[in-house]
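**Student:** Chains F and S, in that order, are what the protein sequence lines are. For the first sequence, this note's numbering assigns the number 3 to the initial residue and increments by one for each residue that follows. For the second sequence, this note's numbering assigns the number 97 to the initial residue and increments by one for each residue that follows.
If you are wondering where the hints come from, they were derived from the structure by calculation, not from laboratory data. Every residue gets a Cβ at the ideal spot worked out from N, C-alpha and C, and that includes glycine. Fair warning: there could be bad hints in the mix.
[Unchecked claim] For each label pair, taking beta carbons as the anchor points, the in silico distance ranges come out as:
1. F:Asp385 with S:Gly156: 23 to 29 angstroms
2. S:Ser323 with F:Lys389: 44 to 50 angstroms
3. S:Lys327 with F:Ala118: 55 to 61 angstroms
4. S:Ala289 with F:Pro198: 44 to 50 angstroms
[Stated by the list, open to error] With a cut-off of at most 30 angstroms between alpha-carbon atoms, the simulated DSSO-like pairs for lysine-lysine come out as follows:
5. F:Lys193 with S:Lys242
6. F:Lys288 with S:Lys248
7. S:Lys183 with S:Lys310
8. S:Lys310 with F:Lys239
9. S:Lys236 with F:Lys194
10. F:Lys454 with F:Lys442
11. S:Lys248 with F:Lys189
12. F:Lys389 with S:Lys160
13. S:Lys150 with F:Lys389
14. F:Lys239 with S:Lys147
15. F:Lys212 with S:Lys215
16. F:Lys142 with S:Lys190
17. F:Lys194 with S:Lys248
18. F:Lys239 with S:Lys236
19. S:Lys295 with F:Lys194
[As the list claims (entries may be wrong)] Listing some non-contacts, in silico: residues in chain F with all C-beta distances to chain S over 10 angstroms:
20. Glu305
21. Ala335
22. Lys368
23. Thr405
24. Val529
25. Ala530
Letter by letter, the chains look like this.
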Amino acid sequence: MRALVSRRGVGGGGPSSTTLVAARLARVGEPCSTTLAATRVAGSQTLASGSPDYTGLAGLRRPARLAACALLSLISLAAGVGQAYGQAGDAQAGKIVYEKKCALCHGEKGDGKGPAADLLDPRPRDFTTGIYKIRTTANKTPTDQDLFTVITHGMPGTFMPGWKVLPEKDRWSLVAYLKTFAPERFKEAPKKQELPKEVASSPESIKRGKEMFEAIECNKCHGAAGRADGPSRPELKDEWGHPIRPANLAKRWNFRGGATRADIAMRLAAGILGTPMPTFIDSVEKPEDIWHLANYIASLGPESPGYATLLSARAVAGDIPDDPNAPFWAGIAPQNVPLVGQVTIEPRNVNPAIDVVTLRAAWNEKEIAFHLAWDDPTRSVQDAVNKTFADAVALQFPRELPTGLERPYFLMGDASDAVYLLRWENGKGGTEAHANGPAKLAPIAGGEVTAKAVYADGQYRLVLKRPLVSKDAARLTFRPGVFTPIAFQAWDGGAGEAGARMSLTSWYYLRLEEPQSSRRFVVPPVVAVLTFVVMVLVGRVARRRA
Amino acid sequence: MRRAFGAFLALALVAGLAVFVARPAPVGAQGGGTIEATVTYAGAPQIQTLKINKDTDKCGTEAKIEKVVVGGNKGLANAVVSVAGMKGETTAKKAEVDQHGCKFVPHVLAMTPGEIEIKNSDGVLHNIHTYSTANPSINKAQPKFKKVMTEKFEKPEIIKLTCDVHSWMLGWVAVMPHPYFGVTDGSGVTKIANVPAGKHTLEVWHETLGKQTKEVEVKAGQVAKVSIEMKK
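Next comes chain F alone, as it looks inside the complex (with noise of 0.2 angstroms):
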């Protein structure tokens, strides 16, 4: 269906009734003058034009084609002027969508102010300029499809989601209805932007991308590593003159035009309107570098983050080390949490830096060791000059395990019940403290935990480790096979992210693994050869008394 709407979708330009009657004769005709062409087609087969034969009539005797297809163009035609209409869109009935849906954020007039446009960065699409970023053009003009397309699938990592609810056809409306806003724009036609020849992503692909990625200098705006932590990055301005940050192309699930191979090699040919972000179809050594380049940035962090819904920390034997670059790190499977900004209270954070944190956990018989990373552009400590804040993380637990289901207030606690944390900060290191809620932290003295911090390309790594048992009441003691609440916070305070404002978790469940011991190796085989003995007697006796 995807590749049928496509088709559709290039129409582009202004729809005029001609143009797409001429557009949908000139498409209907296109198998049915190479099914003539060909002497012997094969009933599937792909046809030249790299259009699959619709009409099915490849199998049919000459004049029958013929006949089959005149009659069949006529058919289409007929009914294909609806549809084109349909695929066009009306705008008129996009716009009552438009001003249920849309107007929100974008505004009534198309102009990106909404009223809600004011809490939201990066902030929603001025349509009246008609400069749109996610293209598939070489020129400024988007096709349909490219409007269609966001508008359906969303502009991941913002506040625009996609709007697959809606029916296929109020989305195809909308975009006749967006046109209307910069009609000027759209009068030049979209020009395909065409792609070097894909390559394969290999491990030499992506070396290539790498020393292409040196070359080109990404790491200007995106960071040695691709974590948007560029010389450049505090800088950057977009058309509008609002600040706009680079891509962290470690996670590429939040791409606004997608995280495909194929996306990225569009987006760096196309470049991103109305941003910093220009295009390099010119501008590598070859052509076909697009791809290496693409393959190189789709091997830095996964498509998807796969996020965790149980989290485990892994029983070892050995002593678990303090430096968070350690192998011994590497060997523990990675979770993803994901953080949202904390909008429960004020100050609130709509537009939280710190989206996700990915845990590493482990434990022995005396100690328990979590692993931190997360992607943090700006290293910064409180500092009153600049009205920076430290950077900072904690994790949230219970003052002590819960017997039920009932579990302190996932917001730090309340005037009733307080909630443990295990904090680090970046200039002060590993603290403990109880809170009842954001504003009262009460430091515990005579700290137990450890921390070991390092920064390096835009992440922090971390390591937060502290005694499995308390040795008073005042905190947590850890136990195997226990599901423990666990929740989490962080502060990027480069962005300003302080005190309320941050980013969090609610409540997760952290379960301690038992040590495997080697009975199960043992015991599954023992059953079974003994299940086999008695089936055998149990055999014989019944012969016997047969």
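Assemble chain S onto chain F, guided by the hints.
**Tutor:** Chain S in isolation, oriented as in the chain F frame:
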């Protein structure tokens, strides 16, 4: 019949030749004059400085954003002076702007519609990001190995050049519909040669101080000196 055709052909040839010869020669050759314009500004120069955090070996450690540059005798640099309402041929010379020391050199360039060569002699990544309305605006990466990029500015307007990698980089290209223009030098002076004799209106454009006009009379073979004071 054949004869008639031959005669017609000959006639057509002669007529064509006549039209070609009769085309007006460049105005300057016959009785044009020169305008020597001095643009002044009584106010203070406006130069912002910015600390540089990257490419310091090429860009230096401090960037200067030159909003208003005033030289000796209050001469205002980087002003585009042109003769209003003229028409004329495009100049054969290809326009050229370089990115050198993380600056656009020249800071202000005037050209007739056509091609422009954009050079990168810094050997670091720049991106040519233009802001224009009549011409399609461009945002193209120019990595270190791409020494020259050729672009086309075909419609008259004033185009802003920026580079997102080095946010302080700012340049202007004035695309003029005729060849009667100049950009003032460090002392605020520019000369426009071969201007047809007669009364003209001079137009001055400056990136920060805006536009101003002044009447001038040009006499054949003479230099018409004119002084324009920019106000803001």
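**Student:** Hint by hint, say whether it matches the structure.
**Tutor:** Going through the hints against the structure:
In this structure the hint that F:Asp385 and S:Gly156 lie 23 to 29 angstroms apart at CB holds, the actual value being about 27 angstroms. Restraint check, S:Ser323 to F:Lys389: a C-beta distance of roughly 48 angstroms satisfies the suggested window 44 to 50 angstroms. Separation of S:Lys327 from F:Ala118 is about 44 angstroms and departs from the stated range, judged on CB atoms against 55 to 61 angstroms. The hinted window of 44 to 50 angstroms between S:Ala289 and F:Pro198 holds, with their beta carbons roughly 48 angstroms apart.
In summary, the hint linking F:Lys193 to S:Lys242 is supported, as the alpha carbons are separated by about 25 angstroms, within the 30 angstroms threshold. Restraint check for F:Lys288 and S:Lys248: the C-alpha separation of about 23 angstroms stays at or below 30 angstroms, so the hint holds. Of the pairs offered as hints, the one joining S:Lys183 and S:Lys310 holds, with about 19 angstroms between alpha carbons and a cut-off of 30 angstroms not exceeded. Between S:Lys310 and F:Lys239, the direct Cα distance comes to roughly 37 angstroms. Violation of the 30 angstroms bound is thereby established for this hinted pair.
For the suggested pair S:Lys236 and F:Lys194, the alpha carbons sit about 17 angstroms apart, so the restraint of at most 30 angstroms is met. A threshold of 30 angstroms between alpha carbons decides the hint, and for F:Lys454 with F:Lys442 the separation of about 26 angstroms falls inside it, so the pair holds. Between the alpha carbons of S:Lys248 and F:Lys189 the distance comes to roughly 21 angstroms, so the proposed pair stays at or under 30 angstroms and holds. For the proposed pair F:Lys389 and S:Lys160, the alpha carbon gap of about 26 angstroms is at most 30 angstroms, so the pair holds.
With a C-alpha separation of about 23 angstroms, the suggested pairing of S:Lys150 with F:Lys389 holds against the 30 angstroms cut-off. Using a Cα cut-off of 30 angstroms, the hinted pair F:Lys239 and S:Lys147 holds, with the two alpha carbons roughly 18 angstroms apart. A hinted pair counts as satisfied when its Cα atoms are at most 30 angstroms apart, and F:Lys212 with S:Lys215 qualifies at roughly 25 angstroms. Distance restraint check for F:Lys142 and S:Lys190: the Cα-Cα separation of roughly 26 angstroms lies within the 30 angstroms cut-off, and the hinted pair is therefore satisfied.
Taken as a hint, the F:Lys194 and S:Lys248 pair is honoured in the structure, with Cα atoms around 20 angstroms apart against an allowance of 30 angstroms. About 16 angstroms separates the Cα atoms of F:Lys239 and S:Lys236, which keeps this hinted pair within 30 angstroms; it holds. Simply put, S:Lys295 and F:Lys194 have alpha-carbon atoms about 50 angstroms apart, too far for the 30 angstroms limit, and the pair is violated. With a cut of 10 angstroms on Cβ distances, F:Glu305 stays outside the contact zone with chain S, its closest approach being about 25 angstroms.
No Cβ of chain S approaches the Cβ of F:Ala335 within 10 angstroms, the least distance being about 37 angstroms, so the stated non-interface status holds. For F:Lys368, the shortest C-beta to C-beta distance to chain S comes to about 45 angstroms, beyond the 10 angstroms cut-off, and the non-interface label holds. With a least CB separation of 55 angstroms from chain S, F:Thr405 remains clear of the 10 angstroms interface cut-off, as annotated. No Cβ of chain S comes within 10 angstroms of the Cβ of F:Val529; the nearest lies about 66 angstroms off, and the non-interface call holds.
Distance check for F:Ala530 against chain S: the nearest CB is about 65 angstroms away, which clears 10 angstroms, and the non-interface claim stands.
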